[in-house]
Amino acid sequence: MAGMSACGAAGRSVRVAVVGPMTGEQAKQGKDMADGARLAVAEWNAKGGVLGRPVELLMGDDAQDPKQANSLANKMWTRGVVLVVGHYNSSCTIPASEIYNLRHMVMITPASTNPKVTDRGYKTLFRICGRDDQQGMVGARYVVRAMPNAKVAVLHDKTTYGQGLADEFLKNYEQMSSRKVVYYGAIVKEDQDYSAVLTSLKALDPDLLYFGGLYPQAGLLVRQMRQLGLKATLMAGDGTYDPEFIRIAGANNAEGSLLTFMPDQEKIPGAQAVISNYRKRFGEVGPYSLYSYEAMNIGLAALSKAGALDGLKAAAVIHASSFDTVFGPIRFDAKGDVLESPYVVWRVESGRLVQIPRQ
Amino acid sequence: MTGPGAQLLQQVINGLAVGAVYALIALGYTMVYGIIELINFAHGEIYMMGAYAGIIILSALLALGAPLGWALIMAFLASMLLTGLYGVATERLAYRPLRGASRLAPLISALGMSIFFQQYVLLSQGARDKIFPVELSSGGFAAAGVKVSYIQAAILLVATILMAGLTAFVQRTRMGRAMRASAQDPCMASLSGVPVNSVIAMTFFIGSALAAVAGFMIAMYYGKVNYLVGYIAGLKAFVAAVLGGIGNIPGAMVGGLVLGVVESLAAGYIGGEYKDVVAFGILIAVLIARPEGLMGTRLPEKV
Numbered sequence: 005m006a007g008m009s010a011c012g013a014a015g016r017s018v019r020v021a022v023v024g025p026m027t028g029e030q031a032k033q034g035k036d037m038a039d040g041a042r043l044a045v046a047e048w049n050a051k052g053g054v055l056g057r058p059v060e061l062l063m064g065d066d067a068q069d070p071k072q073a074n075s076l077a078n079k080m081w082t083r084g085v086v087l088v089v090g091h092y093n094s095s096c097t098i099p100a101s102e103i104y105n106l107r108h109m110v111m112i113t114p115a116s117t118n119p120k121v122t123d124r125g126y127k128t129l130f131r132i133c134g135r136d137d138q139q140g141m142v143g144a145r146y147v148v149r150a151m152p153n154a155k156v157a158v159l160h161d162k163t164t165y166g167q168g169l170a171d172e173f174l175k176n177y178e179q180m181s182s183r184k185v186v187y188y189g190a191i192v193k194e195d196q197d198y199s200a201v202l203t204s205l206k207a208l209d210p211d212l213l214y215f216g217g218l219y220p221q222a223g224l225l226v227r228q229m230r231q232l233g234l235k236a237t238l239m240a241g242d243g244t245y246d247p248e249f250i251r252i253a254g255a256n257n258a259e260g261s262l263l264t265f266m267p268d269q270e271k272i273p274g275a276q277a278v279i280s281n282y283r284k285r286f287g288e289v290g291p292y293s294l295y296s297y298e299a300m301n302i303g304l305a306a307l308s309k310a311g312a313l314d315g316l317k318a319a320a321v322i323h324a325s326s327f328d329t330v331f332g333p334i335r336f337d338a339k340g341d342v343l344e345s346p347y348v349v350w351r352v353e354s355g356r357l358v359q360i361p362r363q
Numbered sequence: 002m003t004g005p006g007a008q009l010l011q012q013v014i015n016g017l018a019v020g021a022v023y024a025l026i027a028l029g030y031t032m033v034y035g036i037i038e039l040i041n042f043a044h045g046e047i048y049m050m051g052a053y054a055g056i057i058i059l060s061a062l063l064a065l066g067a068p069l070g071w072a073l074i075m076a077f078l079a080s081m082l083l084t085g086l087y088g089v090a091t092e093r094l095a096y097r098p099l100r101g102a103s104r105l106a107p108l109i110s111a112l113g114m115s116i117f118f119q120q121y122v123l124l125s126q127g128a129r130d131k132i133f134p135v136e137l138s139s140g141g142f143a144a145a146g147v148k149v150s151y152i153q154a155a156i157l158l159v160a161t162i163l164m165a166g167l168t169a170f171v172q173r174t175r176m177g178r179a180m181r182a183s184a185q186d187p188c189m190a191s192l193s194g195v196p197v198n199s200v201i202a203m204t205f206f207i208g209s210a211l212a213a214v215a216g217f218m219i220a221m222y223y224g225k226v227n228y229l230v231g232y233i234a235g236l237k238a239f240v241a242a243v244l245g246g247i248g249n250i251p252g253a254m255v256g257g258l259v260l261g262v263v264e265s266l267a268a269g270y271i272g273g274e275y276k277d278v279v280a281f282g283i284l285i286a287v288l289i290a291r292p293e294g295l296m297g298t299r300l301p302e303k304v
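Sequence order for the protein chains is A and B. Under our numbering, the letters of the first sequence match residues 5 to 363, in that order. Under our numbering, the letters of the second sequence match residues 2 to 304, in that order.
The hints are simulated quantities; they were obtained by calculation from the structure and are not laboratory data. Since the model is a prediction, treat every value here as computed from it, not as a measurement. Glycine residues also receive a C-beta, built at the ideal position from the N, C-alpha and C atoms. Among the hints, a few may not be true.
Listed next, the in silico DSSO-like pairs over lysine-lysine satisfying Cα-Cα at most 30 Å (straight line) [said to hold, decoys possible]:
1) A:Lys51 to A:Lys71
2) B:Lys131 to A:Lys155
3) A:Lys339 to B:Lys131
Some chain A residues flagged as far from chain B (calculated, every beta-carbon gap over 10 Å) [what the hints assert, rightly or not]:
4) Glu102
5) Ser182
6) Asp197
7) Lys206
8) Leu232
9) Ala277
10) Lys317
11) Phe331
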């Protein structure tokens with residue numbers, strides 16, 4: 005198949021792709037992913053490429069739209085791509101992965117955390133970040149231990165990611181604490197005004213509001229909570245890990261907010277050389293830059309080890325091997341998830357996100 | 002703790018603040034429709050550009066070391082002027098050449114302008130949220146479990162002043178009379194010496210300047226804006242204008258406030274995800290029961 009579609013000048017290159025939201029309000033996340041993949045490909049090409057051929061990186065924009073993601077997946081197949089790093093949103097990864105699975109392309113997502121991404125058992129599908137059930141569990145465990153008597157409310161943004169994460173938190177929290185949450189509800193992501201829901205919440209006087217959603221909405225939520233005089237602490241997931249969250253909320257309003265994310269990259273000794281290279285080429289390292297970088301590295305290493313541009317063979321290699329990454333050695337389980345849950349709790353302290361020690 | 006009464010009052014106050022913003026945008030829709038019977042679908046984008054203009058000018062003034070209060074007022078006025086001119090330019094370039102063409106042509110042109118403005122802002126300002134450059138106080142007036150934040154109070158105050166001012170302008174001044182005349186019968190107005198083109202340009206200027214005020218205040222309230230906010234806000238304001246009776250100035254004000262409060266109550270008592278369902282449900286109900294809107298009068302079909 006690859007021989008049929010990849011011909012002409014680029015016929016000798018190994019085609020790989022990075023796909024994500026390159027435009028729209030998540031364009032920054034898309035760029036972070038693209039830059040991470042670019043760095044990995046440049047390093048492989050400097051070492052002579054894969055299977056003796058140069059690696060060509062294609063870029064695809066899904067505009068955070070599941071329909072776009074699907075047509076993009078088909079387009080990548082017709083262009084002879086064997087390895088895809090992406091997508092960002094679970095709502096894009098889930099439908100697009102049907103196509104990657106059908107076409108035996110290796111897909112490694114650096115950012116989609118919904119359990120359903122890997123729960124369908126597709127052989128060529130991997131995830132290098134954590135899962136929302138792990139993340140919800142880590143969040144719930146923190147709340148149960150650090151704030152045992154807290155009244156907890158739960159809110160989500162009705163997306164695959166947001167609702168999935170909120171539900172995992174809810175389930176884990178109610179199990180661990182044997183308490184009920186005082187509120188469970190939703191906001192609309194496109195909306196900017198959440199004061200009505202927050203006013204209802206205020207009457208319940210919660211101590212903690214868990215939010216399943218992304219940073220633009222989380223920032224607005226905290227801001228409007230404080231405007232209404234609601235003092236509850238906000239807790240959210242990896243989608244809120246962005247300095248922009250604090251800027252939108254206002255530093256004073258965001259102070260003390262909690263979120264779950266992977267460990268601080270600045271504190272991983274093995275990551276510093278890569279971080280400094282990345283900074284030189286692309287500027288500040290984004291939350292998913294290194295995950296995208298390592299996803300590409302793992303994919304290329306697997307192709308190289310498989311000895312052929314064959315997705316099924318490369319996937320078998322990934323399932324069977326351990327990979328040395330900047331995060332330490334990574335192994336995948338039978339579903340394609342990383343074996344160890346990476347999540348830790350972060351807090352906003354003096355206007356900055358700080359990782360707090362594992363409980 | 003707050004009682005149910007206080008909670009209801011709080012929901013109404015929140016709804017009024019947002020409703021006042023809808024009303025300011027809706028005025029632009031309704032004034033333009035009143036005169037040239039065009040639904041100006043680019044109006045939501047005008048509002049969005051007003052917010053951007055305000056933030057950019059404010060940031061520049063603050064960077065030059067201007068004191069905050071002074072910078073806010075200057076940014077406010079400059080954004081109104083600039084956005085007003087965008088409105089006038091839109092009319093001149095995209096609508097006036099099509100006057101007299103089939104009614105569909107300017108409508109499509111308006112949709113085109115809407116997409117153009119969105120992409121213009123996307124390309125020139127980027128896709129990321131634009132953050133309001135100063136962190137305004139989250140404080141406010143609180144009593145008996147009800148809180149009106151300073152920003153909410155400012156929105157309500159400014160909107161009231163502008164709506165009163167607009168009403169006086171339309172009812173009392175020479176230009177206002179010319180506007181009403183052009184709305185009733187543009188041909189007759191022009192025969193009686195009313196410069197209809199200038200009146201229309203003025204209408205666009207005022208409508209756009211009001212949208213700029215709405216945009217700037219919303220940017221202050223929410224602390225951020227992006228290039229897509231005009232779509233939803235424009236749609237909501239359009240609903241407000243139709244609810245009140247399109248073409249009717251007091252109707253747009255009432256429609257905006259009613260919509261804001263109804264949305265707030267729906268989100269507060271039914272659930273955030275039902276806010277739009279209720280808003281558009283009410284629109285459908287009003288259109289069925291009273292197609293001319295709450296304050297509109299049934300007009301004989303113009304031929």
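To see whether the hints hold, each was checked on the structure:
Restraint check for lysine 51 (chain A) and lysine 71 (chain A): the C-alpha separation of about 37 Å exceeds 30 Å, so the hint is violated. With a C-alpha separation of about 34 Å, the suggested pair lysine 131 (chain B) and lysine 155 (chain A) falls outside the 30 Å cut-off, and the hint is violated. Straight-line distance between C-alpha atoms of lysine 339 (chain A) and lysine 131 (chain B) comes to about 40 Å, which puts the hinted pair past the 30 Å bound. With a least CB separation of 27 Å from chain B, glutamate 102 (chain A) remains clear of the 10 Å interface cut-off, as annotated.
Look at serine 182 (chain A): its CB is around 25 Å from the nearest CB on chain B, clear of 10 Å, so calling it non-interface holds up. Chain B draws aspartate 197 (chain A) into its interface by the beta-carbon criterion, the shortest separation being 5 Å against a cut-off of 10 Å. Not every beta carbon of chain B lies more than 10 Å from that of lysine 206 (chain A), the smallest distance being close to 6 Å; the non-interface claim is violated. Against the 10 Å criterion, leucine 232 (chain A) falls within the reach of chain B, whose nearest CB is about 6 Å from its own CB.
Interface exclusion of alanine 277 (chain A) from chain B stands, the closest Cβ pair being 29 Å apart, more than 10 Å. Chain B leaves lysine 317 (chain A) outside its interface by the beta-carbon criterion, the shortest separation being 39 Å against a cut-off of 10 Å. With a cut of 10 Å on Cβ distances, phenylalanine 331 (chain A) stays outside the contact zone with chain B, its closest approach being about 27 Å.
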